[in-house]
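**Q** Next come the chains, spelled out residue by residue.
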Amino acid sequence: MVNSDGQLFTIEGVAAGLIMLFSAYLVVSATSIYTPGDTHISDMQLEQLGSDALRMMNTPNTTATAGESLLQNITKKNDGERFKETFLTFCNSTTGGSYDNLQLSADLFYRDTLTKSVKQFHFAHSRNLTGGEHAVRVTEWVHLDLIGGDPLSGAAPGIDTRMQAVLMEVLLWRD
Amino acid sequence: MPDDHAYLSIDFLAGMTIFMVAFIWVATMIPGLLISLQGGTIDYDAVAYRTGVILVEDPGMPASPPWENKDDMQKDEIQRFGLSLTKDNPNILAPNKIERFFCSTSFSYPDDYQRRVIFGERPYSFNISLSTFDGMMNWSVGDVKPDGYGYIRRLVKIKQPSNATINAPAFRNSGEDGNVTGHVFSVHINCTQLLQDVRNPPYQIDPLRERIMVNISNLGGARVFEPANVITLNKIIIYRQNPAQPLVQVRTFDTSYIDGGNAASSLPVIVNDNASVIFPAGFFYGMANENSQLYINYTFKLSLQDLFFNNSFTSPYDYNYSPIRVTQPILKEGVVEVAIW
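For the protein sequence lines, the chains are A and B, in the order given. All residue numbers for the first sequence refer to my numbering, where the first residue is -4 and numbers rise by one. All residue numbers for the second sequence refer to my numbering, where the first residue is 572 and numbers rise by one.
Calculated from the structure, these hints are not laboratory results. The structure presented is a predicted model; accordingly, all values stated were derived computationally and were not measured. Hints are not guaranteed to be accurate.
DMTMM-like, lysine to aspartate or glutamate: derived pairs with alpha carbons at most 20 Å apart [claimed, not checked]:
(1) K903/B <-> D682/B
(2) K646/B <-> D682/B
(3) K72/A <-> D170/A
(4) K903/B <-> E80/A
(5) K79/A <-> D682/B
(6) K716/B <-> D705/B
(7) K716/B <-> D95/A
(8) K79/A <-> E63/A
(9) K903/B <-> E63/A
(10) K903/B <-> E670/B
(11) K71/A <-> D140/A
(12) K646/B <-> D659/B
Can you build the whole structure from these sequences, using the hints too?
**A** Encoded structure:
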């Protein structure tokens, strides 16, 4: 006589295994869908804000000062402190009057005429990067008509004294 | 005798297979259900982002004549709100569009906004607010924000239109012919020159779309012989001259802000010192075009003969890009917040 006890145990085992596999699949797939979406949205909000701030700083308020924007003026004068204050005021302001808590670190990229390469020049920061920040990167091309007496010429050796475009790059994060 | 245990196992196997297929089918639907639940929050952020883009990067529809010129009777013709000055100037907002957008007597929350700026199939609740960094201007529309909502913040610049302040004694007439009771002062708006000399809209004086403000100050000091002379601003008449056409009277303007008062007074009105006239945005749109010359004639009447504020013997006051004559348009920083839930 054949004993059927073993058959039942096998099917129960297979059924339980399948249920466990699908439970695991369910959990893993449910988790992996939402996290990237949420991260992407908060990144997008920061990127939009940072890019708006640079664009607004690079838009002159009047035509009275020969059309020079605040960002052009700050860059020529190599005034990192003013850049930090203005940029953070722009990014942290809200309509309700409360203040957000965004931080920045800005670098300037220009063409070095001595080495004929692109050089990076640290321009400003509100606090040092520790590596743990989840920062987004925003950039803005700044048109400069540099002359020898401009502070940026002295601070960035090798930068050409002529009409040129330099790239302002800002890392922006929320504390 | 045959053993029937095997038949029982196969039945069980068939039943278990059907059960598992059904279970798998149901189980595979569950992530889909969860996605749609989770999608709510993601969707709010997406709708907030889209609304922010429409508001700060789009001038709205219709564009010509612009939607903000539509009065309350024509508001059904407005297809889309948008606050941007032009499509080529994102983040630069037009003040007349802002004032119209946040006008609670013209548009009701949420219906009028839902189908012109929020869009989407769901009846979203929202709050849209705008303020300048100096705190001088604050607008908002919508409900109080709950704990969780989709959100976007955009930085903008708001164009402040031009205005002219004319010191009356500097334009006093002279000679015996001028010693009369009736005096006319004319302001010339050369649409051709204004729209061609500066072509970048954020810095352009656009009389056809923007508010034009003329303040006349120190009128009392423009009297010469009779300090007790009573000055009456009688009427303001607008003349237009198009190319190859004669000068024609097109309209009168019947109100003025007198001596710093907050309410507009109807003409004729007695003036001691100052008279401000504000032509609202779009006022000249229907009566002139980009080739028109406009003349705003102020007619004053004195109780006694005197020399007075009068340029009818010389030339009209040119409303132009000279900062000495006209305070030029400037941009003011502000922030827009959109919350959707």
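**Q** Determine for every hint whether it applies to the structure shown.
**A** Hints and how they fare:
1. K903/B <-> D682/B: violated, 30 Å
2. K646/B <-> D682/B: holds, 13 Å
3. K72/A <-> D170/A: Outside the cut-off at roughly 29 Å; violated.
4. K903/B <-> E80/A: holds, 17 Å
5. K79/A <-> D682/B: Judged against 20 Å, a Cα distance of about 42 Å means the pair is violated.
6. K716/B <-> D705/B: violated, 24 Å
7. K716/B <-> D95/A: holds, 17 Å
8. K79/A <-> E63/A: holds, 19 Å
9. K903/B <-> E63/A: holds, 16 Å
10. K903/B <-> E670/B: The hint holds at about 15 Å.
11. K71/A <-> D140/A: holds, 8 Å
12. K646/B <-> D659/B: Not OK: K646/B and D659/B at ~25 Å, beyond 20 Å, violated.
Of the hints listed earlier, those the structure fails to meet are numbers 1, 3, 5, 6, 12, in rising order.
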